[in-house]
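A.B. asks: Sequence:
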Amino acid sequence: MSSSDVSYVSSSESEAAETEVEYDLEVEGSSNSSGHETSDDETGDAYANEPIADEEWLAQYEEERKTEEELEKKLQNRLSGAEDIKEWLVCIVSCC
Numbered sequence: 001m002s003s004s005d006v007s008y009v010s011s012s013e014s015e016a017a018e019t020e021v022e023y024d025l026e027v028e029g030s031s032n033s034s035g036h037e038t039s040d041d042e043t044g045d046a047y048a049n050e051p052i053a054d055e056e057w058l059a060q061y062e063e064e065r066k067t068e069e070e071l072e073k074k075l076q077n078r079l080s081g082a083e084d085i086k087e088w089l090v091c092i093v094s095c096c
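Heads up: the sequence shown runs through residues 1 to 96, numbered per the numbering used here.
Simulated from the structure, these hints should not be mistaken for lab results. All values reported here derive from a predicted model rather than from experimental measurement. The beta-carbon is built from N, C-alpha and C at its ideal position, and this holds for glycine as well. Possibly wrong hints are sitting among the right ones.
[Unchecked claim] Simulated DEER-style distance windows between Cβ atoms:
no., residue 1, residue 2, range
1, Pro51, Leu71, 25 to 35 Å
2, Tyr23, Leu71, 46 to 56 Å
3, Val93, Pro51, 42 to 52 Å
4, Asp24, Glu83, 38 to 48 Å
5, Gly29, Glu69, 25 to 35 Å
6, Lys74, Tyr47, 55 to 65 Å
7, Ala82, Asn49, 45 to 55 Å
8, Trp88, Ile52, 33 to 43 Å
9, Ile92, Ala46, 46 to 56 Å
10, Pro51, Val27, 36 to 46 Å
11, Glu28, Pro51, 24 to 34 Å
12, Trp88, Glu62, 18 to 28 Å
[What the hints assert, rightly or not] Only pairs whose alpha carbons sit at most 30 Å apart, straight line, appear in this in silico DSBU-like list of lysine-lysine:
no., residue 1, residue 2
13, Lys86, Lys66
14, Lys86, Lys73
15, Lys74, Lys86
Work out the full structure, taking the sequences as your base and the hints as a guide.
C.D. replies: Structure, rendered in structure tokens:
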């Protein structure tokens with residue numbers, strides 16, 4: 001800017017520039033929060049102290065998963081009408 005160039009700033013613009021505040025946002029659990037450096041200890045494996053699943057637990061988990069999938073398939077068949085209502089509906093009260 002040369003000495004002959006004049007720049008005019010209104011008082012409201014000047015006040016706005018002076019009162020402008022800058023914020024640093026930190027997201028809990030975020031590894032890239034600005035201005036915060038984490039050490040290797042802080043970013044270590046979250047479940048490092050948890051026991052590793054053994055064969056028994058895995059077998060039980062797989063069995064539960066299989067049961068859930070079978071139930072879901074059954075319910076989907078009932079909902080879509082692929083399974084006849086007489087096959088799964090049990091009438092408890094006798095109408096006659």
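A.B. asks: It remains to establish, for every hint, whether it holds in the given structure.
C.D. replies: Against the structure, the hints:
Between Pro51 and Leu71 the beta carbons are some 29 Å apart, a value that agrees with the proposed interval 25 to 35 Å. The hint said 46 to 56 Å for the Cβ distance between Tyr23 and Leu71, and at roughly 50 Å that hint holds. Evaluation of the 42 to 52 Å hint for Val93 and Pro51 yields a pass: the beta carbon distance comes to about 51 Å. Asp24 and Glu83 have their C-beta atoms about 58 Å apart, which leaves the hinted 38 to 48 Å range violated.
Against the hinted window of 25 to 35 Å, the Cβ-Cβ separation of Gly29 and Glu69 comes to about 32 Å, which satisfies the hint. For the pair Lys74 and Tyr47, the beta carbons lie near 34 Å from each other, so the given range of 55 to 65 Å is not met. A hinted range of 45 to 55 Å for the beta carbons of Ala82 and Asn49 is consistent with their spacing of about 47 Å. The hinted range of 33 to 43 Å is satisfied by Trp88 and Ile52, whose Cβ atoms lie roughly 41 Å apart.
Distance hint for Ile92 and Ala46: a CB-CB separation of about 50 Å, consistent with the stated range 46 to 56 Å. About 30 Å separates the C-beta atoms of Pro51 and Val27, a value inconsistent with the hinted range of 36 to 46 Å. Distance hint for Glu28 and Pro51: a CB-CB separation of about 27 Å, consistent with the stated range 24 to 34 Å. Between Trp88 and Glu62 the beta carbon distance is about 26 Å. The supplied range of 18 to 28 Å therefore holds.
About 25 Å separates the Cα atoms of Lys86 and Lys66, which keeps this hinted pair within 30 Å; it holds. This hinted pair checks out: Lys86 and Lys73 have alpha carbons roughly 18 Å apart, not beyond 30 Å. For the hint linking Lys74 to Lys86, the alpha-carbon distance of about 14 Å falls within 30 Å, and the restraint holds.
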